[in-house]
Amino acid sequence: DGGITQSPKYLFRKEGQNVTLSCEQNLNHDAMYWYRQDPGQGLRLIYYSQIVNDFQKGDIAEGYSVSREKKESFPLTVTSAQKNPTAFYLCASSLGQVRSTGELFFGEGSRLTVL
Amino acid sequence: GQQLNQSPQSMFIQEGEDVSMNCTSSSIFNTWLWYKQDPGEGPVLLIALYKAGELTSNGRLTAQFGITRKDSFLNISASIPSDVGIYFCAGRASGTYKYIFGTGTRLKVLA
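The listed protein sequences derive, respectively, from chains A and B.
The letter at position 94 of the first sequence is residue 474 when you use my numbering, and the numbering goes up by one with no holes.
The letter at position 86 of the second sequence is residue 108 when you use my numbering, and the numbering goes up by one with no holes.
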């Protein structure tokens with residue numbers, strides 16, 4: 381089935397540790413995104429990538445890092461510099477602007493809890 | 023970062039009632055998207071809109087792209103218990119890859 385796969389679904393981290401969240405898509409989409417969602421709130425953009433080997437900071441990039449070495453993959457690292465990392469993280473993808481229908485699709489999410 | 027104004031924030035309705043919610047923006051968008059999110063899951067795309075004035079349906083759901091291109095509306099007819107969840111709008115302006123999200127409408131349906 382075509383879609384976006386995020387892993388792990390649940391992750392626990394001790395303070396001071398870096399963790400990496402995986403996002404893989406087989407939709408042949410050019411653009412990929414990471415959002416953060418806190419309880420009772422909307423989605424805030426962390427990073428996005430329009431094309432392989434290129435990415436831009438979103439509204440809340442501090443304490444996070446990404447890479448886009450392959451079209452299918454856009455991993456997110458939550459570093460120890462992120463002061464309040466406990467949240468629900470959502471990966472998304474879209475075709476990309478040039479040939480875009482504008483639709484944005486999401487993975488199932490990863491819940492990170494810092495102990 | 024910018025977020026869209028979405029209202030109402032939450033609503034309790036009786037099963038069988040119709041529901042309306044809307045989003046407004048200070049910017050002009052060329053794409054409006056509506057999503058439903060269940061607890062602990064990712065948002066699922068319900069309806070996508072691409073033209074000012076466009077009215078699109080998906081089963082009991084109907085959404086409209088506002089004429090000013092700064093707002094959008096979602097209606098749910100004859101609500102059922104499984105409509106419970108959080109509904110988000112999202113908009114995207116021309117020339118950008120960034121989608122801006124609303125703050126969500128939490129819907130609770132009373133049987």
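Derived from the structure by calculation, the hints contain no laboratory data.
Model, not experiment: these values are computed from the prediction.
Treat the hints loosely; a few may be bogus.
[What the hints assert, rightly or not] Below are the BS3-like pairs computed for lysine-lysine, each with C-alpha atoms no more than 25 Å apart in a straight line:
1. A:Lys394 to A:Lys451
2. A:Lys450 to A:Lys394
3. A:Lys389 to B:Lys58
4. A:Lys451 to A:Lys463
5. A:Lys389 to A:Lys451
6. A:Lys451 to B:Lys73
7. B:Lys92 to B:Lys58
8. B:Lys120 to A:Lys437
9. A:Lys389 to A:Lys437
10. B:Lys120 to A:Lys450
11. A:Lys450 to A:Lys463
12. B:Lys130 to B:Lys73
Hints, verified against the model:
no. : hint                 : in the structure
1   : A:Lys394 to A:Lys451 : violated, 31 Å
2   : A:Lys450 to A:Lys394 : violated, 29 Å
3   : A:Lys389 to B:Lys58  : holds, 19 Å
4   : A:Lys451 to A:Lys463 : violated, 30 Å
5   : A:Lys389 to A:Lys451 : holds, 22 Å
6   : A:Lys451 to B:Lys73  : violated, 30 Å
7   : B:Lys92 to B:Lys58   : holds, 21 Å
8   : B:Lys120 to A:Lys437 : holds, 11 Å
9   : A:Lys389 to A:Lys437 : holds, 24 Å
10  : B:Lys120 to A:Lys450 : holds, 20 Å
11  : A:Lys450 to A:Lys463 : violated, 29 Å
12  : B:Lys130 to B:Lys73  : violated, 30 Å
Of the numbered hints listed earlier, those contradicted by the structure are 1, 2, 4, 6, 11, 12.
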